Amino acid sequence: MSANKLGSVMVVGGGIAGIQTALDLADSGYYVHLIEKSAGIGGVMAQLDKTFPTNDCAM
Amino acid sequence: MADFEPTIIGFLCNWCAYAGGDLAGVSRLKYPPNMRAVRVMCSGMVHPDLVVDALKEGADGVIVMG
Amino acid sequence: MNIELHTLAEVQNVSGEEGNFTVTVKKAPRYVDMEKCIACGECAAKCPKKVDDEYQAGLSKRKAAYIPYGQSVPLKYALDGENCIMIQKGKCGACEQICPTQAIKFDDKEEILDVNVGSVILTPGFKAFDPVDLDYTYYKKTPDVVTSLEYERLLSASGPCAGHLVRPSDGKEPRKIAWLQCVGSRDINRCGNGFCSSVCCMYAIKQSVITAEHTTGDIDQTILYMDIRSHGKEFDKYYESAKKGGINFVQARPHTILPGPDGNGAIIQYADKSGNMVEEVYDLVVLSIGLQAPKDAQQLSQTVGFELNKYGFVEATSFEPVSTTKAGVFSSGAFNAPMDIPQAVTDASSAAANAAVMLAESRGSMTQDKVWPEERDIAGEEARIGVFVCSCGTNIAGTVDVKAVSEYASSLPGVTLVENNLFTCSTDTQDLIAAKIKENNLNRIVVAACTPRTHEPLFKETLKEAGLNEYLVEMANIRNQNSWVHQDNPEKATEKAKDQVRMAVAKAALLQPLSKMSVDVTQKAMVVGGGMSGMTSALGIADMGYDVVLLEKSDMLGGNAWALSKTWRGEEIKPEVEKLVAKVENHDKITILKKAMLKTAVGSVGNFVSEVDVDGETKAVKYGVAVVATGGKEYKPNEYAYGESDRVKTHLEFDKMLDSGATSSADSVVFIQCVGSRNEERPYCSRVCCTHTVESAIRLKEQKPEMSVFVLNRDIRTYGLREDLYTKARQLGVIFVKYTLDAKPQVSASGDSVSVKVADPMLGGRELDIKADYLVLATAIVPNETKELVELYKCATGDDGFLTEAHPKLRPVDLSVDGLFVAGLCHYPKPLDEAIGQAQAATSRAGVILARTELPLDSIKSEVTELCDGCALCVDTCPYNAISLESYEDKGKEHRRIVTDKALCKGCGVCMATCPKGGVEVNGFTMDQLKAQVTSALAGL
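Quick mapping for you: the protein sequence lines, in order, are chains A, B and C.
Numbering-wise, the first sequence is residues 1 to 59 according to this note's numbering.
Numbering-wise, the second sequence is residues 1001 to 1066 according to this note's numbering.
Numbering-wise, the third sequence is residues 2001 to 2941 according to this note's numbering.
Honestly, the hints are just simulated from the structure, not real lab data.
Careful: at least some of the hints might be erroneous.
To be verified - Ranges between beta-carbon positions, derived for each pair:
#1 C:Gly2892 <-> B:Cys1016: 46 to 52 Å
#2 C:Leu2432 <-> B:Asp1060: 38 to 44 Å
#3 C:Gln2088 <-> B:Trp1015: 41 to 47 Å
#4 C:Ala2327 <-> B:Trp1015: 40 to 46 Å
To be verified - Okay, the calculated bits of chain C under chain B, using three or more residues with CB under 8 Å as the criterion:
#5 2469-2482
#6 2486-2499
Since this is a predicted model, take the numbers as computed values, not measurements.
Even for Gly, the Cβ is constructed at its ideal location relative to N, Cα and C.
The following block holds chain A by itself, in its conformation from the complex (with noise of 0.2 Å):
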């Protein structure tokens, strides 16, 4: 284990599990960096029309 830990993450993919573990962790103390390998985030969740229950626009 190294003597000094960063207090930085990396999280791999910008879809939703991506987006909510950065703002998890910026919000908490930790600087991000997120990588996307597409010209923008939201990923699949961004393609769905509506989501149940509530049929809310997935956007």
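We have chain A; now place chains B and C onto it with these hints.
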């Protein structure tokens, strides 16, 4: 009535209807320019007095969207 | 500001170890300068090259200059280097010529970055199964067979047919649609995917429900399924309402799809429940495609150095569900196993918790907080309004006459200065606005440009930089809600823009500085419930360095887990419970209160105070957040001869016999599923019982292969990788028989045996009469009583008694009251690994609040005025329970008025709309301000 151009006051919830209005723009949809939008933080904040005042002051219609 | 987003980026190499990794990241060129791009879209409009649009699942085209979708983050265009004509052939350059901000960079190069981080979290998602190789589906060979992802786009208002559902072959609205479940899932023979994708049943039901909403008149919708797996919270209710709504559910796995007559639609052939061949023509067939491990899973596992399971998902244990086999590397979401959105969001917070715990000593060492100049006091000043009208290149100026609007703005009362900018949002304009504020002593700003939803934060910052209160800005949305939608009518658009500016100026004149609000945070947590979930959360929060008080109602930690034998992965549970109990009991940051009951709770996020009864003695506890993990229990049935014969057992009772080997004398065992679940009284699925039964059945068969084992079920719901157990059970000869609610099994017990009668649909409804040595009832999980707790905190439960989360998809661990989190069985029945995952997620969510000494609040809040007479009309209407009544004395007389809790208030203003006398207002949206907008909007009449 064919050339009737109504003036409509719209109360738009910031989180849904107003956001929808923005998205209509991003998608370059077209709609008539008759509504004047008042952004509110929730359609629940629209006091009945505001609706009545709008109609008294000459609005042809009021739409509350949220 | 503490998230650095790297798009078009991939991990190339990882070196170092837990706490100190060096990650090499390769960033592909974007060919667009993100600093300069203002997302006007001119480049895409001019770009001559059309490419399949991935966002629209290839159903329509995008340009080589593109944004992935309308609401992309970052909202910056990119050139697709593989398809751009200029980059490929050196000719074209149309986008460069049209770009108003010179943002196009054809010479952009690939970048290699070395990034040092303490931990790596992998969330690459999944790869949707491609059915093109499954010949029987005729996918891509006939147009009206589409995948569920394509169908999602066909339904979407932002999709290729703008939400007006049409089928691909002839553009007609389909009237008869079929969904084929398990395409690329639960199929070892044709694609090697033995697992269940967990989400397809629900998305198919959702799509059918939405389809019914999108179309008019009669529509015939059929879902062809093997088992409906609606095992999530509120899912069965949704399924039942879909059935009532007329959607047909047919149990069948079709083996043949053929093109329909004249190449339109498709024909499906299948054997129905009783083995008869059926052939049906459908207008459209949707393939419910499964979720596979992501394409780059193998490569990622090699680069980073962790193991995958046989299906390519991350190998993990039930006790550390988001830890990879490499220390310091975690994973979340569908990379761990196929899962739905709430599960992925929970998983995400769980991974965050693990990293946060590991790096607790370095928390805050690399993050920054911005410092602002001191605010100028504008009290008593006349309004001096500065109006900035944006041309947005040609986005606004192409339709709206911005010069005319600017001139008009100068004539409005209170306006001191008007500027027209090419791009009001650009960095140099921010400097200009700040300079103008100082030069002209402006005290209110109006920006007529795009939408406040994306840009108000930017202008607020500019005001703060210039020493003005951030709430002194108002925007007029003359782009998204004007020039972009009224392109065909420049005259009316200009008229409307003038009205919008006049309305904004009218409101701006009435804007008041709002004071920054915050609440101090008690950096201490309370955890209610000492089962596995509660202990996991308590340990995580304590390991982050915060004090925790753990309440347990009994005199022993561990809860239900003591009664459990093995996880579905086959891991022994008791040793892990012992380890966790020891860690919790020996942690110097955890105070354990046994025989403890919560008596009171007051306060709100950051500052709660409770009295706790500890074995008859009352103790006061102050805390900033609480995790509720009050658990659940096995339902004790009153049917199927339970209690009449000692041969009829519940799962937990039978487990003890399995563990002791007492079951090996039996020759025949029957399991009945859904005992107390999925019925009128308890309409939910208890989620864990199918897997539990299948595990037990396997153990019986392994103890004694010749034993007859029957499982009477309604649907087998061994979701995700648990499906392997179901396959194994069938291979071992366990017999699965379906029954329905209106033909439940009949049980009679006498002496040492039990007789179970059930009609087998596979045998044309013939009755089986099974003599069993044991009957095992897979009974429901019911929540422990939470009525008092719910009343204390004013949170909520659903009809079934499970605590209700703040949002079913996006905030699955937060309760509706800020500062409260939920984990384990009190939220919904779930297996141990998911309970531990949710408990870790609650740790992370709690950590977000505990990490700060004060919690900033938005200043858009309701505030009582002197007109309030304490009539209390608003108290009950407040959806956040933020309003209470107080008494005060004035001139010797007793009066009442309301008080609002700023931490609970969300500024929705329902109180303001309810109040008949102006006794309560929302700052920033007062009645005067809204009235001024209405009056000014109508002033032109």
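Check your understanding: What hints, given by number in increasing order, does this structure fail?
Key -> Those not satisfied: there are none.
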